[in-house]
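Q: In order, the protein sequences belong to chains A and B. Under the numbering used here, the first residue of the first sequence carries the number 1, and numbering increases by one thereafter. Under the numbering used here, the first residue of the second sequence carries the number 1, and numbering increases by one thereafter.
Because the hints were derived from the structure by calculation, they are not lab data. Worth double-checking, as some hints may not be accurate.
Restricting the straight-line Cα-Cα distance to at most 27 angstroms, the calculated cross-link-like pairs of lysine-lysine (DSS-like) are [as the list claims (entries may be wrong)]: (1) Lys5/A <-> Lys27/B; (2) Lys62/B <-> Lys37/A; (3) Lys44/B <-> Lys62/B; (4) Lys62/B <-> Lys68/A; (5) Lys51/B <-> Lys71/A; (6) Lys37/A <-> Lys44/B; (7) Lys5/A <-> Lys68/A; (8) Lys51/B <-> Lys62/B; (9) Lys51/B <-> Lys71/B; (10) Lys27/B <-> Lys44/B; (11) Lys37/A <-> Lys54/A; (12) Lys68/A <-> Lys37/A; (13) Lys54/A <-> Lys5/A; (14) Lys71/A <-> Lys54/A; (15) Lys68/A <-> Lys56/A; (16) Lys5/A <-> Lys51/B.
Computed from a predicted model, the values in this text were never measured in an experiment.
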Amino acid sequence: DQQVKQNSPSLSVQEGRISILNCDYTNSMFDYFLWYKKYPAEGPTFLISISSIKDKNEDGRFTVFLNKSAKHLSLHIVPSQPGDSAVYFCAARRVGNTGNQFYFGTGTSLTVIP
Amino acid sequence: NAGVMQNPRHLVRRRGQEARLRCSPMKGHSHVYWYRQLPEEGLKFMVYLQKENIIDESGMPKERFSAEFPKEGPSILRIQQVVRGDSAAYFCASSPDVNYGYTFGSGTRLTVV
Chain A
1 DQQVKQNSPS LSVQEGRISI LNCDYTNSMF DYFLWYKKYP AEGPTFLISI
51 SSIKDKNEDG RFTVFLNKSA KHLSLHIVPS QPGDSAVYFC AARRVGNTGN
101 QFYFGTGTSL TVIP
Chain B
1 NAGVMQNPRH LVRRRGQEAR LRCSPMKGHS HVYWYRQLPE EGLKFMVYLQ
51 KENIIDESGM PKERFSAEFP KEGPSILRIQ QVVRGDSAAY FCASSPDVNY
101 GYTFGSGTRL TVV
């Protein structure tokens, strides 16, 4: 049961343009959302997060938007740079009896073309 | 301050052998999580451990898989009698507190031949 979905397995963008990565979720109990970035042969690294009480969080070139009614979030990268080429995972947190559990999407591979 | 250390980076096992994957969390982190990434799939939660305790193993296959996080030493994910379908990248993550996000290791890529 995939509770966090990234329907676009890949995305190509020209350098300098905007990259928009999308993520949908099904569980309304998720209270915190994160984006992780993963380079080949490395583990995922935390990029940016947003609480469910907000609809936007910005950090430099990265902005995450949350639409709770649509159960949708997106990551905007402006301007895109070749070093941004990586796989991006969306994750959502649910607080359970044993603590938090994070659910990950299947990832979107971003290629920024110089 | 070293990050989350996983070893080995690559592990090749024949069908029926045992695989042992090690994870040393970041200094000061007492919460360890194991995730598995199968080809063409996302990261799937397997197990959450604190020192000497398994907190949540709801993502662990019922047979052949076990995990531990002893008082001293790294966390170990053990897979007995490996099969081809166990071939995947196994990631360990750690956090200082249950309310914090994870820091991931670089993963162990297991190949069963």
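Q: If a hint holds in the structure, say so; if it doesn't, say that too.
A: Right, here's what the structure says about each hint:
no.: 1; hint: Lys5/A <-> Lys27/B; verdict: violated (33 angstroms)
no.: 2; hint: Lys62/B <-> Lys37/A; verdict: violated (31 angstroms)
no.: 3; hint: Lys44/B <-> Lys62/B; verdict: holds (15 angstroms)
no.: 4; hint: Lys62/B <-> Lys68/A; verdict: violated (35 angstroms)
no.: 5; hint: Lys51/B <-> Lys71/A; verdict: violated (36 angstroms)
no.: 6; hint: Lys37/A <-> Lys44/B; verdict: holds (16 angstroms)
no.: 7; hint: Lys5/A <-> Lys68/A; verdict: holds (15 angstroms)
no.: 8; hint: Lys51/B <-> Lys62/B; verdict: holds (22 angstroms)
no.: 9; hint: Lys51/B <-> Lys71/B; verdict: holds (6 angstroms)
no.: 10; hint: Lys27/B <-> Lys44/B; verdict: holds (25 angstroms)
no.: 11; hint: Lys37/A <-> Lys54/A; verdict: holds (22 angstroms)
no.: 12; hint: Lys68/A <-> Lys37/A; verdict: holds (23 angstroms)
no.: 13; hint: Lys54/A <-> Lys5/A; verdict: holds (20 angstroms)
no.: 14; hint: Lys71/A <-> Lys54/A; verdict: holds (13 angstroms)
no.: 15; hint: Lys68/A <-> Lys56/A; verdict: holds (11 angstroms)
no.: 16; hint: Lys5/A <-> Lys51/B; verdict: violated (32 angstroms)
Checked against the numbered hints above, the structure violates hints 1, 2, 4, 5 and 16; every other hint is satisfied.
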